[in-house]
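*Asks:* Following the hints, complete the assembly by docking chains A, L and F onto the known chain S.
Chain by chain, the residues:
There are 4 protein chains.
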Amino acid sequence: MSYKFAIVGGDLRNVKLAGLLKSSGHQVFSYGMANGLINSGVASTEVIEKCNDLAEACGKGEIIISSIPFTSDGKTVNAPFHNSTIDIYDFLNTIPEGRLLIAGKIPLEIKNYAELKGIKVFDILEREDMSILNAIPTAEGALQIAMEELPITIHSCNALVLGYGRIGKMLIGLLKNMGAKTAVAVRKSKDFAWAEYENIESMDFAHLSDKIGKFDLIINTVPALILEKHSLEYVKHGALIIDLASKPGGVDFQYANKLSIKTIHALSLPGKVAPTTSAISMGKVIFNIIEEAGYNV
Amino acid sequence: MSYKFAIVGGDLRNVKLAGLLKSSGHQVFSYGMANGLINSGVASTEVIEKCNDLAEACGKGEIIISSIPFTSDGKTVNAPFHNSTIDIYDFLNTIPEGRLLIAGKIPLEIKNYAELKGIKVFDILEREDMSILNAIPTAEGALQIAMEELPITIHSCNALVLGYGRIGKMLIGLLKNMGAKTAVAVRKSKDFAWAEYENIESMDFAHLSDKIGKFDLIINTVPALILEKHSLEYVKHGALIIDLASKPGGVDFQYANKLSIKTIHALSLPGKVAPTTSAISMGKVIFNIIEEAGYNV
Amino acid sequence: MSYKFAIVGGDLRNVKLAGLLKSSGHQVFSYGMANGLINSGVASTEVIEKCNDLAEACGKGEIIISSIPFTSDGKTVNAPFHNSTIDIYDFLNTIPEGRLLIAGKIPLEIKNYAELKGIKVFDILEREDMSILNAIPTAEGALQIAMEELPITIHSCNALVLGYGRIGKMLIGLLKNMGAKTAVAVRKSKDFAWAEYENIESMDFAHLSDKIGKFDLIINTVPALILEKHSLEYVKHGALIIDLASKPGGVDFQYANKLSIKTIHALSLPGKVAPTTSAISMGKVIFNIIEEAGYNV
Amino acid sequence: MSYKFAIVGGDLRNVKLAGLLKSSGHQVFSYGMANGLINSGVASTEVIEKCNDLAEACGKGEIIISSIPFTSDGKTVNAPFHNSTIDIYDFLNTIPEGRLLIAGKIPLEIKNYAELKGIKVFDILEREDMSILNAIPTAEGALQIAMEELPITIHSCNALVLGYGRIGKMLIGLLKNMGAKTAVAVRKSKDFAWAEYENIESMDFAHLSDKIGKFDLIINTVPALILEKHSLEYVKHGALIIDLASKPGGVDFQYANKLSIKTIHALSLPGKVAPTTSAISMGKVIFNIIEEAGYNV
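Protein chains in written order, with this note's numbering: chain S, 1 to 297; chain A, 1 to 297; chain L, 1 to 297; chain F, 1 to 297.
Chain S on its own, in the form it takes in the complex (with noise of 0.2 Å):
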């Protein structure tokens, strides 16, 4: 089945998502990303119809793709490769009713705004397949970090991780493998029986000042402050600390700065460490969200 998108502002995964779209046989209109289709090098792009205005990119378009996060000031759309601004209200007032319009972290009054005008509204990162297949390159991309940090091998390494989500998850995967001697602090007793599972040793986040002292590698997933002062006190000189818990994140930075810890907050991973991957991944998801919605063109 052939649909038509209008892709509308975001960043070099909207680019490239436009790029897959069109090469799979879809019609691909977009508005507000001219200087991105330039100079990405996505082979199709030059086939992508531009449109002069909203009106048109909205009218032309079935399905309309905006960018993640949707705002960053709640008033404008995330466009940086537009040459001007894209006010959200004018955007939502150009949406004909019955379009479905698919962005990431939409405010809930916009949500709300649009829902109201007869828009079918789906904010991609609260999908737990977006978030799983979002998982990958973020857990690639803090073991990218570590191997880049430290000067010795992720195998062998003393690796713990804060959390056992589906980034925990992964990240155990892949240190595991590559021979890490990994650990995992967590909190429930379930947890505790799934690091028994994996054959790595857990911990209590209430016990961890015991017992971080022996780790080259601590990664975090917990949006909370889970290394405060206590904890970091008892870090060993020379271990890396990655942070990927949004912000405010996970790590009380500023005394880790002044025990001359090395911490990075590593954010938004995805787009910067694999643009591509995230657009195909963004691709599966709207295709999961337009089967759902059970629209047919």
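Treat the hints with care, since some could be wrong.
Copies of the same chain look alike in the list, so a pair counts if it works inside one copy or between any two.
Straight-line distance between alpha carbons at most 25 Å, and here's what the computed SDA-like set of lysine to any residue pairs gives [as the list claims (entries may be wrong)]:
1. K176 to N199
2. K120 to M1
3. K262 to L37
4. K60 to G283
5. K284 to A206
6. K188 to N288
7. K190 to I280
8. K181 to K272
9. K50 to I38
10. K236 to L37
11. K211 to E292
12. K284 to E196
13. K188 to S2
14. K247 to P80
15. K188 to S156
16. K176 to S156
17. K272 to N177
18. K176 to E198
19. K4 to L20
20. K176 to S131
21. K190 to L108
22. K284 to D210
23. K111 to K190
24. K181 to E196
25. K262 to G173
26. K284 to E201
27. K111 to S72
28. K176 to I200
29. K176 to Y197
30. K190 to S268
Source of the hints: derived by calculation from the structure; they are not laboratory data.
*Replies:* Just chains A, L and F now, with coordinates in the frame of chain S:
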């Protein structure tokens, strides 16, 4: 910390558990498992104190462990190593108020009755940590059956797992790691994403019949009729179906039989293939229960 | 390319191989395996042309496949599915000059005799590709035995592999991946380095007795008396020893028996646990032989 | 046992090695690496005894460790942290008879000269244990480069490894475990069998051009011109080639450049990506050498 355990009834796992608890320095009182203790070969069982009656066991034991499942007939405690029967209500009426009672698959009315009497009842089979630890021998047991029955190696065989829960995940891990060409049938978009992470083929239950024909080994973990007539008709000659779902299982066994497809409904594998490991896991979960209950003697 | 194969004698693997070759489009002539063909259930065997005598088989077949091992008594070809016996020299004298003869464990004087007659003789068991492919079912077979015999899961068990050759490597892979605490006993510094790469405990054969006491499962792959009296005395109660080394094996079985240590001397596992896979592997290696021999009919 | 080591020349690995040996309780005398010791941050280097000249170092050290590689110009010892030069023959003439000299890639005539003088010379790079341990950071280093350069994840990417030696094996392990669709190019039938065991695609070097077109990542480990003009022409746009073979490497770099294929000739990765791990590994091998030499001071 040393506890006083009473073990009342139960199968070989309870016998081995008694030995484990004893050799870890706890006091162990037993009732209703004498024949098991005699023949078990559990090293330290000779020092387990056998009680003369329920009153002695329930009086001396602070934490009372009974059988898994608790009862088969709703009237008596499962006690295959006992010369007589243990009436459930006699048993419950003998337990002093405030004691912990730990058993498996306790019928609701029995649980309610005990709690009204002030007994703290814990169903070990309703805990996620127990389910995870039990999934390990279940998955290994299924693998063992497959190895015994098939004239081919697991390596290179085409294997299909139905369902992506705890057991499904572990089976996929085992099969992949052994070199099977592994696939999974699922329904939810998040499970398709996990299958992609695992780099295995995935298919929707709805399209099972289209793809089932190539598999040498099919293992069901879903407690619903998944392998019905239509799908069975496409199963290839010589394939093996193992059903791990509790009765009535997920296979139309009669129809499979008519088609001369080999099926094995493999139930209660942990106690069968690895009773010692099961007892060890039960022990771990029992201590989790004690800790979470804040029980301090 | 389609070849004319004659299969003379051999066990279930040759029967299955006949079926595989036939169904891949080759011509297959058989002699000395009629009873196997009747009962094998190999789908296409009914179309395999049974020859009346050696002369017919050796005349029609360009590539002659015989049994593995070729002979047990030095006089007759192994042919368990034959109603009579096949004299080796009668057989060889019937093969026309220039033909390929492929069998296993061919005694040197027999090989020399055949080559003097202008037959191109290939011992399939002397090839490394065959050894690698045979190691797969051997390692799986050992695992299956361990699963059947031990009351614990492979997961979490303490497992020791003696030797780090092909089978040792595969066993270590299987055991590690299943979550066993895996160790290896070796002698050479390079094997210690490989064990370090694999992140498993390693020990010198010379210090076996110091460390053997903790293992639940011990698998020997070395064709030399490794587990002699002194080491056996330290093996723990309830441990299982599986010996994969060809006769006389690497264990002092009598002494182990005296100490009530359970030992299993598991030989010829590929044909036993996975005859179909073995036949498939033989087929692959036979085509490697044909290609390397530059044989073009 | 405590030894007296003299370390003469060498790069960061020798500096770190000095620290490791010192902190393990050995005596360490150094010459020709003073600048490295000052800036290394190796904790215990301040207690390493710096010698004033070769005579002092060679006199005090029983085991003399020099650089890897020993020399670049055939005349002087590699000593990047030395303010002056160390003449090879001055050095060798200063070493007392019977001492061990351990270095890497020692030219034959130099080795012969030293042995004639009664020095026991060991080339650490000719040992298989060293090669195995060095292959670990080499494979990780190649992976790191791939992660840095590619806009896709290793997960799901199409990766081809040329050669199936130590580094090839480790790369295949890393890539497979990370979820890459991994293939290997080999020549020998035994390597095809190993690839089958690993469940990865394999191809003959002779047919590289037929299949190379689908790969995103191509890593060469073979010290021969494998990727010549003809094959390069089929490499897909955007693919990355990493060559790990020592100079001149296995790629026609000029032609690749002409075709705008990104190539990276990555040499000496262990010292670059993981100097500390390299030093630890050198230490292990040095003790293997000492033990095998039966050296007892």
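*Asks:* Evaluate each hint against the coordinates.
*Replies:* Consistency of the hints with the structure:
no.	hint	in the structure
1	K176 to N199	both (10 Å within a copy, 10 Å between copies)
2	K120 to M1	within (20 Å within a copy, 59 Å between copies)
3	K262 to L37	between (38 Å within a copy, 22 Å between copies)
4	K60 to G283	within (19 Å within a copy, 59 Å between copies)
5	K284 to A206	between (40 Å within a copy, 19 Å between copies)
6	K188 to N288	between (32 Å within a copy, 10 Å between copies)
7	K190 to I280	between (33 Å within a copy, 16 Å between copies)
8	K181 to K272	between (28 Å within a copy, 22 Å between copies)
9	K50 to I38	within (11 Å within a copy, 60 Å between copies)
10	K236 to L37	between (47 Å within a copy, 21 Å between copies)
11	K211 to E292	between (46 Å within a copy, 22 Å between copies)
12	K284 to E196	between (33 Å within a copy, 11 Å between copies)
13	K188 to S2	between (46 Å within a copy, 24 Å between copies)
14	K247 to P80	within (21 Å within a copy, 44 Å between copies)
15	K188 to S156	between (27 Å within a copy, 21 Å between copies)
16	K176 to S156	both (10 Å within a copy, 16 Å between copies)
17	K272 to N177	both (24 Å within a copy, 22 Å between copies)
18	K176 to E198	both (9 Å within a copy, 11 Å between copies)
19	K4 to L20	within (13 Å within a copy, 51 Å between copies)
20	K176 to S131	both (22 Å within a copy, 23 Å between copies)
21	K190 to L108	between (33 Å within a copy, 24 Å between copies)
22	K284 to D210	between (44 Å within a copy, 22 Å between copies)
23	K111 to K190	between (36 Å within a copy, 23 Å between copies)
24	K181 to E196	both (14 Å within a copy, 12 Å between copies)
25	K262 to G173	within (24 Å within a copy, 30 Å between copies)
26	K284 to E201	between (35 Å within a copy, 15 Å between copies)
27	K111 to S72	within (15 Å within a copy, 54 Å between copies)
28	K176 to I200	both (8 Å within a copy, 12 Å between copies)
29	K176 to Y197	both (13 Å within a copy, 12 Å between copies)
30	K190 to S268	between (29 Å within a copy, 21 Å between copies)
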